[in-house]
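J.: Take the sequences, apply the hints, and build the full model.
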Amino acid sequence: MDPLIFKIILVLVMFLVSLGIAAYSTYAERKVAAFLQDRIGPDRAGPFGLLQPIADGVKMFLKEEIIPNVSDKWLFILGPSMFMVTALMTSAIIPWGMPLEIGGTKFNLQVADINIGVLYIMGVLSLGVYGIMIGGWASNNKYALLGAIRASSQMISYELAMGMSIISILLISNGSLSLNAIVDGQKEWHWNILYQPVGFIIFIICAFAEANRTPFDLPESESELIGGYHTEYSSMKLGLFLFAEYINMFISSAMIASLYFGGYNFPGLEYLSTVLPNNVVSFISVGALFTKIFFFIFVFMWVRWTIPRFRYDQLMRLGWQVLLPLSIINMLVTGGILTIFN
Amino acid sequence: MQLTNRSKVVVHKEMNWVEKLYLPAIFSGMFITIKHLFKKKATLRYPEVTREFAPVYRGMHVLKRDEEGRENCTACGLCAVSCPAEAITMDAAERKKGEENLYREEKYAAKYEINMLRCIFCGLCEEACPKDAIYLTDRIVPSDYSRGGFVFGKDVLVEPVDQRIDISKRKKDYSIVHNN
Amino acid sequence: MSSQLIFYILSALSIVSALFVVFSRSPIYSVLSLIVCFFSIAGHYVMLNAQFLAIVHIIVYAGAIMVLMLFTVMLLNLNKSTEPHKTNLTKIMAIVSGGLLMLTLLASIKAEKLGVYKAPEVSDIGYVQNVGMKLFTDFLLPFEISSVLFVSAMIAAVVLAKKERN
Numbered sequence: 001m002d003p004l005i006f007k008i009i010l011v012l013v014m015f016l017v018s019l020g021i022a023a024y025s026t027y028a029e030r031k032v033a034a035f036l037q038d039r040i041g042p043d044r045a046g047p048f049g050l051l052q053p054i055a056d057g058v059k060m061f062l063k064e065e066i067i068p069n070v071s072d073k074w075l076f077i078l079g080p081s082m083f084m085v086t087a088l089m090t091s092a093i094i095p096w097g098m099p100l101e102i103g104g105t106k107f108n109l110q111v112a113d114i115n116i117g118v119l120y121i122m123g124v125l126s127l128g129v130y131g132i133m134i135g136g137w138a139s140n141n142k143y144a145l146l147g148a149i150r151a152s153s154q155m156i157s158y159e160l161a162m163g164m165s166i167i168s169i170l171l172i173s174n175g176s177l178s179l180n181a182i183v184d185g186q187k188e189w190h191w192n193i194l195y196q197p198v199g200f201i202i203f204i205i206c207a208f209a210e211a212n213r214t215p216f217d218l219p220e221s222e223s224e225l226i227g228g229y230h231t232e233y234s235s236m237k238l239g240l241f242l243f244a245e246y247i248n249m250f251i252s253s254a255m256i257a258s259l260y261f262g263g264y265n266f267p268g269l270e271y272l273s274t275v276l277p278n279n280v281v282s283f284i285s286v287g288a289l290f291t292k293i294f295f296f297i298f299v300f301m302w303v304r305w306t307i308p309r310f311r312y313d314q315l316m317r318l319g320w321q322v323l324l325p326l327s328i329i330n331m332l333v334t335g336g337i338l339t340i341f342n
Numbered sequence: 001m002q003l004t005n006r007s008k009v010v011v012h013k014e015m016n017w018v019e020k021l022y023l024p025a026i027f028s029g030m031f032i033t034i035k036h037l038f039k040k041k042a043t044l045r046y047p048e049v050t051r052e053f054a055p056v057y058r059g060m061h062v063l064k065r066d067e068e069g070r071e072n073c074t075a076c077g078l079c080a081v082s083c084p085a086e087a088i089t090m091d092a093a094e095r096k097k098g099e100e101n102l103y104r105e106e107k108y109a110a111k112y113e114i115n116m117l118r119c120i121f122c123g124l125c126e127e128a129c130p131k132d133a134i135y136l137t138d139r140i141v142p143s144d145y146s147r148g149g150f151v152f153g154k155d156v157l158v159e160p161v162d163q164r165i166d167i168s169k170r171k172k173d174y175s176i177v178h179n180n
Numbered sequence: 001m002s003s004q005l006i007f008y009i010l011s012a013l014s015i016v017s018a019l020f021v022v023f024s025r026s027p028i029y030s031v032l033s034l035i036v037c038f039f040s041i042a043g044h045y046v047m048l049n050a051q052f053l054a055i056v057h058i059i060v061y062a063g064a065i066m067v068l069m070l071f072t073v074m075l076l077n078l079n080k081s082t083e084p085h086k087t088n089l090t091k092i093m094a095i096v097s098g099g100l101l102m103l104t105l106l107a108s109i110k111a112e113k114l115g116v117y118k119a120p121e122v123s124d125i126g127y128v129q130n131v132g133m134k135l136f137t138d139f140l141l142p143f144e145i146s147s148v149l150f151v152s153a154m155i156a157a158v159v160l161a162k163k164e165r166n
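From first to last, the protein sequence lines are chains A, B and C.
Going left to right, the first sequence walks through residues 1 to 342 as the working numbering numbers them.
Going left to right, the second sequence walks through residues 1 to 180 as the working numbering numbers them.
Going left to right, the third sequence walks through residues 1 to 166 as the working numbering numbers them.
Source of the hints: derived by calculation from the structure; they are not laboratory data.
Idealized CB from N, CA, C, for every residue including glycine.
Errors might be hidden in some of the hints.
[As the list claims (entries may be wrong)] Covered stretches of chain A (in silico footprint by chain C; criterion: 3 or more residues with CB under 8 angstroms from a CB of chain C, positions within the stretch not fixed):
#1 110-123
#2 137-150
[What the hints assert, rightly or not] Over the 12 angstroms line for every Cβ pair with chain A, so calculated as not near, a few chain C residues:
#3 16
#4 92
#5 97
#6 104
#7 140
#8 143
#9 145
#10 147
#11 156
[Unchecked claim] Not the full set, but computed from the structure, chain C residues with beta-carbon under 10 angstroms of chain A:
#12 35
#13 55
#14 66
#15 129
T.: Structure, rendered in structure tokens:
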């Protein structure tokens with residue numbers, strides 16, 4: 001098979017998987033919220049309410065589309081579309097599993113193994129701000145603009161600490177930026193979480209802030225800003241905003257799993273690859289990665305229904321005065337230990 | 001006075017450095033929420049499963065018939081007088097010849113209306129009734145789209161002959177012997 | 001062949017968006033088309049196999065600086081009605097400074113040898129490892145001096161922020 005055809009198929013599959021997981025994350029969110037509050041949650045659409053995402057989607061599509069008269073129409077439409085596009089772009093460089101063997105040739109389960117790897121993620125993350133900012137400004141609404149400003153300043157602030165904690169990861173994984181190499185360096189149980197516990201805590205807090213999830217969901221805090229940057233949105237445009245947030249959550253979970261929890265690696269994978277055929281091992285490794293991803297999606301929801309929202313000054317203080325110095329110290333300590341012991 | 005043993009006194013003391021990290025507090029909070037994941041759910045799947053009511057539960061009214069299917073109510077008006085919310089109105093009429101199988105006594109209620117938006121479900125109408133005619137049941141008053149829909153007439157209140165409403169839990173005992 | 005096609009598309013995009021930055025009436029559209037322009041330039045970097053430069057260009061310019069610009073423009077709420085009236089003196093000054101810039105550009109074009117430009121061989125110099133090696137060996141002094149510059153700017157910002165408390 002031509003590598004290009006394989007890549008195109010992989011891109012399509014990842015696109016569909018991202019959307020599917022995002023759709024069922026909305027269902028899972030409601031179920032987890034219900035279970036943590038001793039309720040049952042949606043259970044009317046289909047068995048156990050499994051058709052609920054489809055019902056929600058149909059509702060979103062059929063609702064009335066309202067574009068405010070005073071808004072900038074082009075930018076109003078551009079905002080949610082950009083947010084969605086940037087959310088979907090990130091999955092391109094995540095290695096989803098061991099190489100697949102088709103007709104004698106090996107195919108990496110990664111859309112693009114680019115040289116700059118992790119930097120690409122930082123670049124796409126920094127672009128995610130534009131969707132929110134454009135949408136919030138184009139609505140011509142005070143609350144939407146406030147939400148947009150909160151979102152962008154929050155995302156810029158937490159990107160720094162996130163980048164710093166990624167640098168510590170790069171230090172211990174032979175200095176390669178490629179995500180494939182980082183995951184490859186965590187064979188069996190040599191997961192980065194064991195070497196970088198502080199970095200992991202910083203990274204996961206920043207991931208919460210980047211995905212605009214509680215306790216950092218100030219851009220859309222309904223008690224202060226009505227709906228934040230998507231106050232004026234309705235119908236499927238609102239749907240895109242909400243949906244892209246869940247895709248971001250999925251990608252963040254995939255990043256946490258790949259950077260700190262060994263990606264598709266798990267203890268015993270080496271042994272399995274000697275006894276089982278290559279493709280079976282490949283599928284098992286994909287399963288391992290997705291198990292980790294689902295666990296972290298659950299953690300995202302678990303935290304949302306436990307911890308209340310921060311105040312905005314607390315958020316900024318945490319980002320600049322706690323996480324950033326802590327991540328710099330973490331980086332220096334990691335570098336120091338590496339130079340002493342090598 | 002202390003009502004429960006769960007009240008806590010607020011202490012404004014300086015936090016030590018472990019508490020200032022907030023992480024222990026966050027983890028203990030997350031432990032509390034995860035415990036609830038495995039608890040018994042408080043929700044009932046309502047239309048399929050219903051909650052069992054106490055015997056003294058006061059729900060939607062019913063106008064009873066006797067064993068032969070005749071309406072008990074004689075439109076005496078005691079229930080309307082006793083009603084603190086003034087929710088009950090009625091029109092009395094005289095029983096014609098040939099209607100003996102419909103009404104138990106010579107006088108009956110041609111119109112009997114309870115405004116469910118006014119009713120406070122106190123049960124005084126039931127207590128006032130000398131003819132064993134009105135009872136509050138364990139049925140729930142259904143919702144409606146308009147205010148007019150909540151004025152229940154005889155078509156809703158009188159029990160159908162073939163579908164008797166069970167009020168045995170609240171049946172009044174008229175055989176009280178007064179000792180004075 | 002396909003890389004040539006991509007080159008033409010990227011070039012057209014960067015020129016059109018750059019023109020749009022200048023000619024657009026609304027400042028928001030100007031900023032947004034500047035972002036598009038940055039993206040097409042990053043595309044050129046990728047074509048030259050300088051992926052590191054491309055992504056840093058996107059992170060720093062499109063991701064951080066343009067967000068701040070967008071911030072300012074959005075908060076200022078610039079409409080046509082609020083555009084300030086310009087005096088004749090300002091107009092003359094603008095013409096003079098614009099003319100000087102034009103002169104510099106023309107002189108630099110004249111100094112450059114015009115002719116068929118040959119694209120350099122695709123090299124690995126743009127990879128992260130190679131850029132890093134160059135920065136920490138051949139260009140160590142400029143690198144350190146620029147970092148000292150950034151530190152002094154950061155310290156200045158902190159001092160300015162601290163002063164306001166009193």
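J.: Which hints, by number, does the structure contradict?
T.: Of the numbered hints, all hold.
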